[in-house]
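S.K.: Okay, here's what each chain looks like letter by letter:
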Amino acid sequence: MSHTLRIPRDEKRGMRTEVVVYASPALLEHIKRDQSLEQAINVATLPGIVGPSLAMPDIHQGYGFPIGGVAAMDWEEGVVSPGGVGYDINCGVRLLRTNLTKADIEPRLRDVVNQIFRDVPCGTGSESDLRVDSKQLDAVLRDGAGWMVEHGYGHRRDVEFTEEHGAMKGADPDKVSHRAKERGRPQLGTLGSGNHFLEVQWVEQVFDAAAARAMGLAQDQAVVLVHCGSRGLGHQVCADYLAEMGSAMKRYQITLPDRQLACVPIQSPEGQAYLAAMCASANFAWANRQAITHFLRGSFEKLFGKETRLEVVYDVCHNIAKRETHLWEGRKRDVLVHRKGATRAFPPGHRELPAAYREVGQPVLIPGSMGTASWVLTGAEGAMRETFGSVCHGAGRLMSRTAARKGRDAREVQKRLEEQGILVRSETRDGILEEVPEAYKNVDEVIEVVHAAGLSHKMARLRPMGVIKG
Amino acid sequence: MFELLEHTADIGFRVRTRTPAELFEACAEALISISIDLDLVEPRAAWPLEAAGEDAESLLVNWLNEVLYLWDARRLALRRFRVLEITAGRVAGEALGEPWDPARHRARLLVKGVTYHQLRTGQDEEGWYAQVFLDV
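Protein chains in written order, with this note's numbering: chain U, 955 to 1424; chain G, 692 to 827.
Just chain G, with the same shape it has in the complex (with noise of 0.2 Å):
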């Protein structure tokens, strides 16, 4: 779904998918893979997840900005997303996980923040695009 970029410091992924709802989960889960190993992660119970942007950059960013939330404050361990609505200036879904268990979980970047530094977003002959960089 997903390929991971190179940055001198830091981390960024590119997103292919055929439809925007489908772009905003695989974003969401790139994002979450960097953080967490996700095979250890039980899809248990979901979390509503929602967000607005003025633009579709802004857009995906607080969308992301949503996610490292629900790991980096509410200790979430995610693991799939499902987009249930979306417009222009909104997406509304969930968020599928349990818990965060030291034990049991394995995490591994620290993502600190979603960047604009060349973001790039939209949609072209061959379907719906996303690059995205992280600070980590």
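Next comes chain U alone, as it looks inside the complex (with noise of 0.2 Å):
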């Protein structure tokens, strides 16, 4: 429990309950320079949370809710927030195994990178040869990854190895308004820009042995991360619901510290129109990481030959609200948890997870910042016991956009990371600029505070060669 602060709930008019924050004492200096930890405070106000409003150690300044936010609301009586999910429905991550080493890739990185750039449609109004007329994105949006299964962009093997399956069910295209689809049509098969992102990387340390047998990793073996979202589409649904829900409240009697939580209650027509369209959103982005898997594996079939295997280890999403059911102070709970830039970490036996993975816990997909390490951790008992099966999602920002592009130049940077042998190319040079390693927490430092708390255990950690940015 030395990773912990605990800020009770007498700290502020309205608070229902305690906040708690995981952090160790140097990430807890950068945190408490920001208003994260007022957000965390907020979300405690919330009606019909259940445990703490909960913190990760990655946790940075949002909206309304902290980025690295848990949240868990009783399905009965609990309230549903937009901005407790944020803009990009189900922005996650998927994790792809090769069965290549770090040494067959090295002498062709170039030819590697430039090939996905070319394959994966990404950056700023980039679109897709991926084309679905209204009634099929309406079928996308049903039925997720596994869409792209049967349309031949993937193999159903993927959908096993992806959270729910790659599709929630409760997800009802209706609840979708026109404009949403209208912008998301167009990008589904792309990587979007930001902080997304897809690197090829390299196994550098195991530190789990059976696990990594479990998800067919070894040392030295490339890898593929993938991270992006729901799209434009995500982004539209959040807005429609912010704005419905601004009013509703009214009509709810919920007033709120910040009206970026905006909320209704679950059980009312407006909670769940935003959980039917939120979950067909999710859909949308799963959909969206299997058309690119499949852009992946022909860019590496080119390269390498017919041969080569990108198989999925696994895809999390960690912007989402869950209905699952916990035990809380010795209760059955049945709880709608809100991971507001958090990640699900179900430990082993759990019967949510796929067979492969029973005996040793849910791969948990850390990316870091670019050009640092991304992390492959399983998920423990301590999380089921303390964050409601939760735990941290990245390394967590540290600097502004602004403050990242200042007195850096992107040529610079580049060649300072290919000195370290990583090769970036990005659509925009401001891309480069504003993800440099140093605009973001030190993901290792994030990764020591979860593993002590017993959130999660250290599976592998993966090192960066090639990074593609949009």
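If you are wondering where the hints come from, they were derived from the structure by calculation, not from laboratory data. Keep in mind that the hints are not guaranteed to be accurate.
Okay, the calculated bits of chain G under chain U, using three or more residues with CB under 8 Å as the criterion [to be verified]:
{"hint": "1", "region": "743–755"}
{"hint": "2", "region": "801–814"}
Label pairs and their calculated CB-CB ranges [claimed, not checked]:
{"hint": "3", "chain 1": "U", "residue 1": "D1087", "chain 2": "G", "residue 2": "R765", "range": "14 to 24 Å"}
{"hint": "4", "chain 1": "U", "residue 1": "T1356", "chain 2": "G", "residue 2": "G780", "range": "28 to 38 Å"}
{"hint": "5", "chain 1": "G", "residue 1": "P734", "chain 2": "U", "residue 2": "G1252", "range": "33 to 43 Å"}
{"hint": "6", "chain 1": "G", "residue 1": "R795", "chain 2": "U", "residue 2": "K1260", "range": "35 to 45 Å"}
{"hint": "7", "chain 1": "U", "residue 1": "D964", "chain 2": "G", "residue 2": "R795", "range": "55 to 65 Å"}
{"hint": "8", "chain 1": "G", "residue 1": "R771", "chain 2": "U", "residue 2": "R1370", "range": "34 to 44 Å"}
{"hint": "9", "chain 1": "G", "residue 1": "M692", "chain 2": "U", "residue 2": "E1402", "range": "44 to 54 Å"}
{"hint": "10", "chain 1": "U", "residue 1": "E1081", "chain 2": "G", "residue 2": "P734", "range": "21 to 31 Å"}
Don't be surprised by glycine CBs; every beta carbon is placed ideally from N, CA and C.
Assembly of the complex is requested from the two constituent chains, each provided in isolation within its own frame, with the hints serving as guidance.
M.R.: Shown next, in the form of structure tokens:
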């Protein structure tokens, strides 16, 4: 418990529960510099919250909810908040293992990066060759990654190793506005921009040999990490429902310290409609990562031959609200767990896990910042006991984008990374500057905290070789 | 017309103008200048732009959401904005620009949404002001 800070519920009027922050003293210093703790306190005021308002060590200031926040709401009495999911619904991470090694890739790294850059549409305003009509889009929103697999964009196995099998039940395409569909349709199969990226990496160190075997990972093996979400479709769904809830809240007599926290009772018509639209957006995101997987397979086959394999290790979402059953204070509770910049981390034995991972626990994929490490963890019992089966999601930003750009030159950053064996290609110069490694907290430090707290266990540390940014 | 603001994960802007119409025009321009390189866009055609809101904050957020929609869904590279009509709950005008051409135009930051986070707008002794943060 040395890695937690508790803010008691009498800290601020209106708090219904305490705030628990997982952080080391050094990380806490960073955290205190922005408004993230205040935002975690505001989350503690939401009606129907079960257990504490939780903050992970990668927490930073967001909108309404802090990024790196977890809040479980009673399914009958609690509220749902689109801000507790975020604009990028089911922003998440997929890890693919290859049958290649670091040594196979290294001499052809430039070709690999260029090929991926050609095959995976990325950057603002990019569109994919994957065209769906409005009927097909509705099917994508219902069936998620499964739709892609059925239409030739992958294998059945891919879906088995995706959280929720790549499709949330309860998705209703009719609850997604025409505008959201219009915005998202041409963006299906695109990486996007901002902090989204695609990295060719290698397994630098294995910490848990049994889990690594179960996941088919070994030292020096080449892997690919994909980080993206539901694109404009999810962004528009969030905006639509924030607007609707803003006016609905008065009817439900909910007053909040921050308008961005807008929420309604889960059981209200507005709450149910949002959840159906959120599930549809999540499915769009899984379909998107599935399409990108297919494009990547094409890139690798072109360069390394038909025998090249890219297999899904796992796929997690880190912006979502999910109905789950948790044991809390000795009682079985039916809750809606908001994970805003937080990853599900189910322990060994959990029935939601694919049979192959039942003994080792859920793979938890934590992308680091550009040019530093990423991690694979395994979900642990501590997360079930303390954090509603949740853990951190990344390194966590330290510096604003403007500050990151200041005094830096994209070419120099590229050169510095190249000297470390990391090749970066980005659609824009700003894309590189704003994501410089020093703009983020040290991901290793974040991992140490969750490992020591028993929320998840270290499994493998991955190092990037090739970075593709929007 | 506007200044950019710092936010750990994202970006914002602050605008000061003489009139409320100018305020909505300047905010729209600030949003779009974050998304694309304005210098490369020609104001060849105009598209109607309209929003309603039950208070000043939601009117501004809804207006900016309309701008974002024209860019991200309709693929229009916008350059200038003109407010033609403004009342307490409604603002209407037009956006000038041209269809997005990836060969000629340059995208900057991908804006996901317009937020209510630390949103301020109103009038003081120096004129009209707004502060808006965007999720990028």
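S.K.: Any hints from earlier that this structure breaks? Give me their numbers in increasing order, please.
M.R.: none
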